[in-house]
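S.K.: Based on these hints, arrange chain R on the given structure of chain D.
The primary structure of each chain is shown beneath.
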Amino acid sequence: MNTLLKLSWVELKLFIREPITMIFTFALPLISLFVLSEVFGTTPQTEGGEIAFRGVAPTDYYISAYVGLVIAAVGLISLPVHLSSYKEKGVLRRFRASSISVKNLLSSQVIVTFIITLICVIILFIAAKLAYDVTMPNSPGLLILAFIPSVLCFAAIGVLLGALLPTARAAQGVGLLLFFVMFFLGGSGPPFDVMSPTLQTVGDFTPMKWAVIAMQDVWLVGFGWNWTAFGVVIGIMVGAWILAIRLFRWD
Amino acid sequence: MNNIIEVNNLRKTYGEVVAVDEVSFNVKEGEIFGLLGPNGAGKTTTVECLQGLRQSFTGDVRVLGLNPHDEAQDIRRQIGSQLQESALPDRIKVWEALDLFASLTPNGLDWEALLEQWGLTEKRSASFSSLSGGQRQRLFIALALVNDPKIVFLDEMTQGLDPAARHVAWDLIRAIRDKGKTVVMVTHFMDEAETLCDRLAIVDHGTIIATDTPQGLINTYASKINVLFSTDQSDISYLEQITEVEKVTKHGSRVEVKGTGAVLAVVAHSLVEHGITPSDLRVEQPSLEDVFLNLTSGAPKTKVTA
Numbered sequence: 001m002n003t004l005l006k007l008s009w010v011e012l013k014l015f016i017r018e019p020i021t022m023i024f025t026f027a028l029p030l031i032s033l034f035v036l037s038e039v040f041g042t043t044p045q046t047e048g049g050e051i052a053f054r055g056v057a058p059t060d061y062y063i064s065a066y067v068g069l070v071i072a073a074v075g076l077i078s079l080p081v082h083l084s085s086y087k088e089k090g091v092l093r094r095f096r097a098s099s100i101s102v103k104n105l106l107s108s109q110v111i112v113t114f115i116i117t118l119i120c121v122i123i124l125f126i127a128a129k130l131a132y133d134v135t136m137p138n139s140p141g142l143l144i145l146a147f148i149p150s151v152l153c154f155a156a157i158g159v160l161l162g163a164l165l166p167t168a169r170a171a172q173g174v175g176l177l178l179f180f181v182m183f184f185l186g187g188s189g190p191p192f193d194v195m196s197p198t199l200q201t202v203g204d205f206t207p208m209k210w211a212v213i214a215m216q217d218v219w220l221v222g223f224g225w226n227w228t229a230f231g232v233v234i235g236i237m238v239g240a241w242i243l244a245i246r247l248f249r250w251d
Numbered sequence: 252m253n254n255i256i257e258v259n260n261l262r263k264t265y266g267e268v269v270a271v272d273e274v275s276f277n278v279k280e281g282e283i284f285g286l287l288g289p290n291g292a293g294k295t296t297t298v299e300c301l302q303g304l305r306q307s308f309t310g311d312v313r314v315l316g317l318n319p320h321d322e323a324q325d326i327r328r329q330i331g332s333q334l335q336e337s338a339l340p341d342r343i344k345v346w347e348a349l350d351l352f353a354s355l356t357p358n359g360l361d362w363e364a365l366l367e368q369w370g371l372t373e374k375r376s377a378s379f380s381s382l383s384g385g386q387r388q389r390l391f392i393a394l395a396l397v398n399d400p401k402i403v404f405l406d407e408m409t410q411g412l413d414p415a416a417r418h419v420a421w422d423l424i425r426a427i428r429d430k431g432k433t434v435v436m437v438t439h440f441m442d443e444a445e446t447l448c449d450r451l452a453i454v455d456h457g458t459i460i461a462t463d464t465p466q467g468l469i470n471t472y473a474s475k476i477n478v479l480f481s482t483d484q485s486d487i488s489y490l491e492q493i494t495e496v497e498k499v500t501k502h503g504s505r506v507e508v509k510g511t512g513a514v515l516a517v518v519a520h521s522l523v524e525h526g527i528t529p530s531d532l533r534v535e536q537p538s539l540e541d542v543f544l545n546l547t548s549g550a551p552k553t554k555v556t557a
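So the sequences go chain by chain: D and R. Each residue of the first sequence is one higher than the one before, starting from 1 at the first, in my numbering. Each residue of the second sequence is one higher than the one before, starting from 252 at the first, in my numbering.
Nothing false has been slipped in among the hints.
The list that follows gives simulated cross-link-like pairs (lysine to any residue, SDA-like), each with its CA atoms no further than 25 Å apart:
| no. | chain 1 | residue 1 | chain 2 | residue 2 |
| --- | --- | --- | --- | --- |
| 1 | R | 401 | R | 354 |
| 2 | D | 89 | R | 346 |
| 3 | D | 13 | R | 375 |
| 4 | R | 401 | R | 358 |
| 5 | D | 89 | R | 407 |
Derived by calculation from the structure, the hints in this document are not laboratory data.
For reference, chain D alone in the conformation it holds in the complex (with noise of 0.2 Å):
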């Protein structure tokens, strides 16, 4: 087996062996899924006269956003934390002293972050589903079009975080930060339109509300493909990523 396949294979066990990011990964969009679905309904919602939620069931307009939420998490929570204590450690000195490449330990990193990502994912499409009965996507080939620069994009976004914060201390205050500004403003909180135009200013700056948008409109019914979004998605992934690879530093 090769040694890209063997690193990823040893992190995925490493990260399913953290019992604290685990619960944090997988359960913080459960969790989102039940209190807003308890709040808003399954119904479609007026809001003092004009359309709410798109037209659409509460649940069906949050699903997306809780896509998004997973990608976040993993983004930037798990992966900045899991690099920078690498760094702090000690091991990713040993990991280079073994000639481990810096493309291999980076394409592990990604292999890891789209498995978990997947997984949380799929469990809470099932869970949102069976709970729910949120709709099936309207379009799953674009979804999984706008999914996966998405999620590279986080992956980015982490990696540079993990390549700029010196300790995993660090890492874990400005990744929570960033998520939770990514929270409420990137669309699994108050839906854009009912918020202020200050809000939806700084919401336009969260690469979240981005992913979300260009997951939400291929989910449901009637908007199609938003090369908007998708656009800044993808360069949004460029440039943390050619950032990422310049700053990424073993110790």
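M.R.: Positioned in the frame of chain D, the structure of chain R alone reads:
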């Protein structure tokens, strides 16, 4: 024998601080070469430069004929490395680490055998975080050997090992050398350097102050032999007439005779002639420690940095 490592005028600075100052030495293929010196002398920095783990140094360095600046990855594939400050993921299991690192080279060794040799068989499925300091150290050495390297770099490898484990480690290091591999070790333990190294360089304040075999260093820098015994006889000035004797010191009944060459035999002979047959006659041979103290004694050197 060929030089497998050639270092000429290696210099590495961190801002104003000169960590390694114009160091030159060669390591021959198949020998155990040691860098001996106090903490902070620049030993670790030196070997890390050789392994391509530290960049932006000056000087001409060749490891296996390769340049650590641009061919670091090629070098790292052919060397084994036990780093002073490094770690593995907390929850990785011993066998997983060996299996992973063995997969990095096509000609990786049978790691099961290494597990056995380094006494880790029972810890096979233990996580890294549960290992004791000594077990971690042994795992790191096993990891340094798992890619069947041509050169093994060991940085304070017996740090944290108990005395029995140290002796086992020494035997295993000799066994590595006997398989034709080259070992470069960093240590601040005199006994370790003296028993293990074929040749060694004494490093202090970023420079090499002497390079030779342990015995060669002793002969050059610490040739004085101490002969010790007790006697009640007050006049022993006749000992000072002996050519080999340099100095006689008396503390009460304890006598210390400093000399060179065959001093023990002639002093003993002379004592017997004068009717003294001390039962506690013993000799202290100079050791590497004396060399070290002689070479590094005096006021601490202060390096002036431009």
